[in-house]
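**Q** We have chain A; now place chain B onto it with these hints.
Residue numbers (the working numbering), protein chains in the order written: chain A, 41 to 368; chain B, 41 to 368.
Bear in mind the hints are in silico, worked out from the structure with no lab data behind them.
The beta-carbon is built from N, C-alpha and C at its ideal position, and this holds for glycine as well.
Negatives, chain A to chain B, calculated, CB over 10 Å: (1) Asp69; (2) Leu140; (3) Gln144; (4) Leu165; (5) Ala174; (6) Gln187; (7) Ala192; (8) Arg217; (9) Leu273; (10) Gln317.
Distance windows between CB atoms, simulated: (11) B:Val274 x A:Pro96: 34 to 44 Å; (12) A:Tyr156 x B:Asn137: 49 to 59 Å; (13) B:Asp153 x A:Glu139: 51 to 61 Å; (14) B:Ala347 x A:Pro96: 52 to 62 Å; (15) A:Ala100 x B:Ala179: 18 to 28 Å; (16) A:Thr191 x B:Glu102: 20 to 30 Å; (17) A:Ser355 x B:Leu123: 53 to 63 Å; (18) B:Phe98 x A:Gln81: 42 to 52 Å; (19) A:Asp153 x B:Glu272: 30 to 40 Å; (20) A:Leu343 x B:Gln152: 56 to 66 Å; (21) A:Asn137 x B:Pro119: 50 to 60 Å; (22) B:Asn137 x A:Arg89: 46 to 56 Å; (23) A:Thr191 x B:Pro200: 56 to 66 Å.
2 protein chains.
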Amino acid sequence: MYLIMAATLAVVLIWANGLLGSAFAVANDPLPHWNDGKVKQGIIEFVARVTDPDSPDFVAPEDRIATFDNDGTLWAEQPYPQLLFTMAEVDALVAANPELRSQQPYKALLDQDFDYFKTAEEETLTELLAAVYADRTQAEYEAEVQQFFATAEYPTLGVPVTEVTYLPMVELLDYLRDNGFQTWICSGGGIDLMRQISEPFYGVPPQQVIGTHIQKDWREHDGEMVIWRLPELVLVTDKEGKPIGMDLHIGKPPIFSAGNVRSGGDIPHLTYSQQQQPSMQLMINHDDAEREFAYAEPDNASLNASAENGWTVVSMKDDWKTIFAFQQ
Amino acid sequence: MYLIMAATLAVVLIWANGLLGSAFAVANDPLPHWNDGKVKQGIIEFVARVTDPDSPDFVAPEDRIATFDNDGTLWAEQPYPQLLFTMAEVDALVAANPELRSQQPYKALLDQDFDYFKTAEEETLTELLAAVYADRTQAEYEAEVQQFFATAEYPTLGVPVTEVTYLPMVELLDYLRDNGFQTWICSGGGIDLMRQISEPFYGVPPQQVIGTHIQKDWREHDGEMVIWRLPELVLVTDKEGKPIGMDLHIGKPPIFSAGNVRSGGDIPHLTYSQQQQPSMQLMINHDDAEREFAYAEPDNASLNASAENGWTVVSMKDDWKTIFAFQQ
Numbered sequence: 041m042y043l044i045m046a047a048t049l050a051v052v053l054i055w056a057n058g059l060l061g062s063a064f065a066v067a068n069d070p071l072p073h074w075n076d077g078k079v080k081q082g083i084i085e086f087v088a089r090v091t092d093p094d095s096p097d098f099v100a101p102e103d104r105i106a107t108f109d110n111d112g113t114l115w116a117e118q119p120y121p122q123l124l125f126t127m128a129e130v131d132a133l134v135a136a137n138p139e140l141r142s143q144q145p146y147k148a149l150l151d152q153d154f155d156y157f158k159t160a161e162e163e164t165l166t167e168l169l170a171a172v173y174a175d176r177t178q179a180e181y182e183a184e185v186q187q188f189f190a191t192a193e194y195p196t197l198g199v200p201v202t203e204v205t206y207l208p209m210v211e212l213l214d215y216l217r218d219n220g221f222q223t224w225i226c227s228g229g230g231i232d233l234m235r236q237i238s239e240p241f242y243g244v245p246p247q248q249v250i251g252t253h254i255q256k257d258w259r260e261h262d263g264e265m266v267i268w269r270l271p272e273l274v275l276v277t278d279k280e281g282k283p284i285g286m287d288l289h290i291g292k293p294p295i296f297s298a299g300n301v302r303s304g305g306d307i308p309h310l311t312y313s314q315q316q317q318p319s320m321q322l323m324i325n326h327d328d329a330e331r332e333f334a335y336a337e338p339d340n341a342s343l344n345a346s347a348e349n350g351w352t353v354v355s356m357k358d359d360w361k362t363i364f365a366f367q368q
Numbered sequence: 041m042y043l044i045m046a047a048t049l050a051v052v053l054i055w056a057n058g059l060l061g062s063a064f065a066v067a068n069d070p071l072p073h074w075n076d077g078k079v080k081q082g083i084i085e086f087v088a089r090v091t092d093p094d095s096p097d098f099v100a101p102e103d104r105i106a107t108f109d110n111d112g113t114l115w116a117e118q119p120y121p122q123l124l125f126t127m128a129e130v131d132a133l134v135a136a137n138p139e140l141r142s143q144q145p146y147k148a149l150l151d152q153d154f155d156y157f158k159t160a161e162e163e164t165l166t167e168l169l170a171a172v173y174a175d176r177t178q179a180e181y182e183a184e185v186q187q188f189f190a191t192a193e194y195p196t197l198g199v200p201v202t203e204v205t206y207l208p209m210v211e212l213l214d215y216l217r218d219n220g221f222q223t224w225i226c227s228g229g230g231i232d233l234m235r236q237i238s239e240p241f242y243g244v245p246p247q248q249v250i251g252t253h254i255q256k257d258w259r260e261h262d263g264e265m266v267i268w269r270l271p272e273l274v275l276v277t278d279k280e281g282k283p284i285g286m287d288l289h290i291g292k293p294p295i296f297s298a299g300n301v302r303s304g305g306d307i308p309h310l311t312y313s314q315q316q317q318p319s320m321q322l323m324i325n326h327d328d329a330e331r332e333f334a335y336a337e338p339d340n341a342s343l344n345a346s347a348e349n350g351w352t353v354v355s356m357k358d359d360w361k362t363i364f365a366f367q368q
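Just chain A, same shape as in the assembly (with noise of 0.2 Å):
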């Protein structure tokens, strides 16, 4: 009898260890939607490294800084949401004065004939400027922004603009923060739109947005002084622009960033990042057609930039167990 006994307990000890023991487990994998592998194992050692006060590695936490590209790093980009908005904005213009839907450059717009932009005359992109960005305080703008927000759909994905974010990113973001690093977007998007929707999808405020963006003044109007839109671009943070736009808000390189195959917009946000030591960059690598997109660039810059510099090259269609939270 007592040995029955002891063998029942020990079982239900065991079973119980067991189930404890797996329930421990996932609460404790900081980022469930990532799949085991080197990348996630890589991301985890870094930041282990980077906090762990004993380590040669240690970085005090006013250095722990992290930069996110935003389109198709950290939401889809095929097309991009700010073309989605300057479409609507469009749309609302040519709706209001149907003469605009003949003339250039709405006509160019509307008709998706991008190629247009590629030859067309600084005065016509100003005055496109202008009228979806500019000549308005800046309020108005916030405002219009919001509005497409609340209620724009993500046409090639069937869901609301708000639902493309990647969900192994989002919570990325958060086992940074919960690791005492201070996370950043630093994107060729408009800094005023990414501002604002940084905060609800992505947990990081309107201060630690670094964008493109453009003259402004501040003056009179209607009675009050405000911030008004000028037409005119300061600095377009792709590219060559985004170690500048990191230099001018941050004042020195992350830590840790995070880019995407496209166009080699990345490229000198993560070299500018490397010039951190220890530092950690991802290239997300778009590889999954079927759950979402899946391209590539034509001289192949991006990946080759990885291999050579030894960045972190993340597979969407191996890494990542969940892409949008929708499809969960």
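**A** Just chain B now, kept in the frame of chain A:
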């Protein structure tokens, strides 16, 4: 006997209570270098109001942003420390190239003929900008600034330039951070000069510094990619440039801001801050010729704007127990 013991005990308790009470008061005075009065009381009441979750004026930590002008608000500006840096750089340049001593703009600067700069040609100013601030890597410039602060004296006070910060303001920065505020500098000074001292002097990290900045590019230099400084101003963050700088770096007005009387340079700064409600604005008045310097504005614009808008005027003479730590 019992009565005597009881009376003794009562006296001891009252005495101990008084002692503990005053020790408690000192330990709990968050601004010990501010004199008691309406200004100190107003700051403490504002902070209590916006940090109490039960107050109708409660502000969530992510919106508790405080901005401080630097010259004349956080450290002395008679003369500007950045002017001392500029003159030290020009001294070194002239020592290496003696023919420059008699050429403009170097001659005017070394002769302290500042009127010259009011009518100088733009090319002359660009030459000075290039000679002192540009045509070098970001890392080289940062090293020069570090070198300056390691050795320079502040002539009018006869102390190292590292000692001209205002003790009550450093204390106020700490107090705000202890209450969940994010503290920023927003000054007409050069962003890259201030970033070299903002953390050790004020506890403000480089990414929370807003200042005048020049054009830069990302280029190869001596076999590596660098941030290269170009002799072209992009944004001067004085006067109406302050709201523009805060919009660029923060993306929304601060709820607390501090500037000073000298040139009206902080009127747009404080006006922008007041667009947040609740909010508080301080205007530092240099009225202490004995312990610092006494100076006013010919048109009294900053004090007039303070009266008109309900900003809190800080008298250095009356409101500050100590100005500099070296005077203690």
